[in-house]
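S.K.: Listed below, chain by chain, are the residues.
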Amino acid sequence: MATPRKLRCTVSEILDHGDRVYTLRLKPEFPAPRFTAGQFLHLAIDPYDPSAFWPDSRVFSVASPPDQRDGLEILYSVVGRFTSRMEAELRVGSEVWAKLPYGEFVVAALPGTEAALLAGGTGVSAFTAFLRGYAACGGDDGSRVHLFYGARHPGLLLFRGLLQRLALARPTLRATFFAESGAAPGQGVEPGRLSLAAAWSALQRPAAATYYLSGPPAMIRGLGAELAARGIPPERIRVDAWD
Amino acid sequence: MDTLDPRRRQILDLVEQYARDKFGAPPFAADRDLVHYAGRVFDGQELRCATEAVLDFFLTANRFAERFEADFADFFGAPGAYLVNSGSSANLVALTALTSPKLGERRLRPGDEVLTVAAGFPTTLAPIVQNRLVPVFVDVGIGDYTALPERIAQAVGPKTRAIMMAHTMGNPFDLDAVSAVVKKHDLWLIEDNCDALGSTYRGRLTGTFGHLATFSFYPAHHITMGEGGCVIAAGQSAEELGRIVRSLRDWGRDCYCAGGENNTCGKRFSQQFGTLPSGFDHKYVYSHIGYNLKLTDLQAAIGCAQWQKLPGFIARRKENFAYLRKALAPYEDRLVLPVATPGSDPAWFGFVITVREGAGFSRTELQRHLEERRIETRALFAGNLLRHPAFLDIPHRVCGGLANTDRITESTFFVGVYPGLDAPRLEHMAEAFRGFLKKR
Ligand SMILES: Cc1cc2nc3c(=O)[nH]c(=O)nc-3n(C[C@H](O)[C@H](O)[C@H](O)COP(=O)(O)OP(=O)(O)OC[C@H]3O[C@@H](n4cnc5c(N)ncnc54)[C@H](O)[C@@H]3O)c2cc1C
Ligand SMILES: Cc1ncc(COP(=O)(O)O)c(C=O)c1O
Chain A
0 MATPRKLRCT
10 VSEILDHGDR
20 VYTLRLKPEF
30 PAPRFTAGQF
40 LHLAIDPYDP
50 SAFWPDSRVF
60 SVASPPDQRD
70 GLEILYSVVG
80 RFTSRMEAEL
90 RVGSEVWAKL
100 PYGEFVVAAL
110 PGTEAALLAG
120 GTGVSAFTAF
130 LRGYAACGGD
140 DGSRVHLFYG
150 ARHPGLLLFR
160 GLLQRLALAR
170 PTLRATFFAE
180 SGAAPGQGVE
190 PGRLSLAAAW
200 SALQRPAAAT
210 YYLSGPPAMI
220 RGLGAELAAR
230 GIPPERIRVD
240 AWD
Chain B
0 MDTLDPRRRQ
10 ILDLVEQYAR
20 DKFGAPPFAA
30 DRDLVHYAGR
40 VFDGQELRCA
50 TEAVLDFFLT
60 ANRFAERFEA
70 DFADFFGAPG
80 AYLVNSGSSA
90 NLVALTALTS
100 PKLGERRLRP
110 GDEVLTVAAG
120 FPTTLAPIVQ
130 NRLVPVFVDV
140 GIGDYTALPE
150 RIAQAVGPKT
160 RAIMMAHTMG
170 NPFDLDAVSA
180 VVKKHDLWLI
190 EDNCDALGST
200 YRGRLTGTFG
210 HLATFSFYPA
220 HHITMGEGGC
230 VIAAGQSAEE
240 LGRIVRSLRD
250 WGRDCYCAGG
260 ENNTCGKRFS
270 QQFGTLPSGF
280 DHKYVYSHIG
290 YNLKLTDLQA
300 AIGCAQWQKL
310 PGFIARRKEN
320 FAYLRKALAP
330 YEDRLVLPVA
340 TPGSDPAWFG
350 FVITVREGAG
360 FSRTELQRHL
370 EERRIETRAL
380 FAGNLLRHPA
390 FLDIPHRVCG
400 GLANTDRITE
410 STFFVGVYPG
420 LDAPRLEHMA
430 EAFRGFLKKR
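Same order as they appear, the protein sequences are chains A and B.
Following numbering that gives the first Met the number 0, the numbering of the first sequence begins with 0 at its first residue and continues without gaps.
Following numbering that gives the first Met the number 0, the numbering of the second sequence begins with 0 at its first residue and continues without gaps.
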């Protein structure tokens, strides 16, 4: 894993998805160090002085693909003190500091294996970089990847268009969407919460699949316990816990 | 930010100016100046960067170490680079990494064998012994001073698990032969690339062929930090090995937060390790019996300035080598001159000479003649390491005898090709050789 490096970045774009969920695009002063899909960065809003310690920061999955090192994208939802400051203070042109890469949450899709990606809310950002790369490879190498992605309402299913396009680009990739409310028939969104029962019936060999979980702590706890109860061994339950 | 303070810029400019006045070299005087075999080559940039690091006063690895590691990893197309405080430390962590329990069945265990050579630098061999592994020695060629390829294949036994060798004097060992043996027997390969930063084999940089590669930034080497070294990992296990290397370097800890950092993983208090209570502070969880081999940001800062000069340094080493090769060509009847291994383009570390049997003079006589003319000479490191007090009793195996290694101990030495050698110094060297050889 590359040594994390601190980068001065400029906010180049902010997308407001509603419900206090945002995409933040950052332009680093020099290309970001190599990272792998699923890794995350630390974001600091206060200026960083190299003779002092790193300021207060929070971690966010890098949603942009690893081959795009001159622009970084994160997705965040406002939940507490730091993310409230991000919402209030960051504007296009603001200077922020990022350091990356961090994390060992690496999704693997090896021939002959099935990977189930379970994403809740902004947790999908841990998968987008991987999915972009996977779709770009094309072809059928015997691997199967299935994304199950739930949000509060269809409007918060971020990247849905992109994810649908990626699934069309590679037939071994499928995506199923869930929304707790507001899912109208014919939209390709299942009503209700992302559930393991639904994922289980959609997978080819659910008992043999590897499960990747990313999202809020309650979702991770719930789905993790259900997977264990169904006999999935711990080494096939990979978690990007956001605590 | 503090770095924009105008006094800072003033200090830096003054330092650079001072460096120019203090270290700008006067012309070479053959009757006074030493012709070194190696040495630091620098200008105001190194002092400027070092002063930047002093003014940051972060002391431990920080922005310069990060920058150096990123540039170094990119140069080799490696996922990561890990700075350590010397080439010897790089060798120690690289080999020890292969003993990590994290590698499961693939780990090296005490008693496993590691192929290497005895004609080399002690700290390529030392980590093998320190990890209670058994070195298996093969002889080297005279002229290229790298392992005899046919011997490598013959030396593999049922307990052989790894190869760890140096690209001696910058000359790549036969990577076709070694890679084939590595593949056939599923061995680990560590390239000690301490002498060979920038050498290529079939157009590809040495250091990218093995699972791990090591580098030294001691002043004699291609670039310097005073003391310093680096490890890179390549291939499928690169990420895994990199994490192990970092852990071994950083006290053996599991967490990858740098000194002074907390909770970079966001999971500092929510994991469970060993039999520790759940949520035990990850910063103090140890997954290896490790070392502290980290370097300071001051060293890395000097390395960042040197890094910019590497292409020029490599070119100069090659040019200086070519000059000496041409100047000494008439004496090949008495001197074995160095040759590049087939398919390679070495970024030479030195110019190695073996005095032929029946030359009519000894190595020592020739060396003495050169040293009297203030031309530094060096032995090809330890000669036969097995003949040194420290290594006399180590458990080991030799495959096919070490006749050439012993000959190197008696008859081989080297002179410099480093970028600090300019035309007058090279001419002085050539003239000194001619003066000795014409009379014989
Ligand atoms: C590996 C990893 C990847 C992550 N990736 C992302 C990502 O891509 N996008 C993203 O948005 N987040 C991500 N996170 C989470 C993120 O790092 C922050 O932890 C999160 O945004 C909360 O930061 P905060 O300062 O706003 O909340 P904090 O102030 O630190 O609060 C933490 C928690 O306390 C609770 N809390 C705080 N204030 C209140 C209050 N007034 N009332 C009730 N509850 C409260 C909230 O539930 C909140 O989750 C990731 C975390 C990890 C570990
Ligand atoms: C081949 C080789 N390996 C390792 C080393 C050790 O490097 P250091 O002096 O930085 O410890 C050297 C030193 O010259 C060397 O030549």
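The hints are simulated quantities; they were obtained by calculation from the structure and are not laboratory data.
Please note: incorrect hints may appear among the correct ones.
No farther apart than 25 Å at their CA atoms in a straight line, the calculated lysine-lysine pairs in the DSS-like style are these [to be verified]:
1) LYS325(B) <-> LYS182(B)
2) LYS282(B) <-> LYS266(B)
3) LYS21(B) <-> LYS101(B)
4) LYS293(B) <-> LYS282(B)
5) LYS5(A) <-> LYS282(B)
6) LYS21(B) <-> LYS282(B)
7) LYS21(B) <-> LYS5(A)
8) LYS5(A) <-> LYS26(A)
9) LYS5(A) <-> LYS266(B)
10) LYS101(B) <-> LYS5(A)
11) LYS308(B) <-> LYS282(B)
12) LYS101(B) <-> LYS158(B)
S.K.: Enumerate the violated hints, using their earlier numbering and listing them in ascending order.
M.R.: Result: hints 1, 3, 6, 7, 10 and 11 break, sorted rising.
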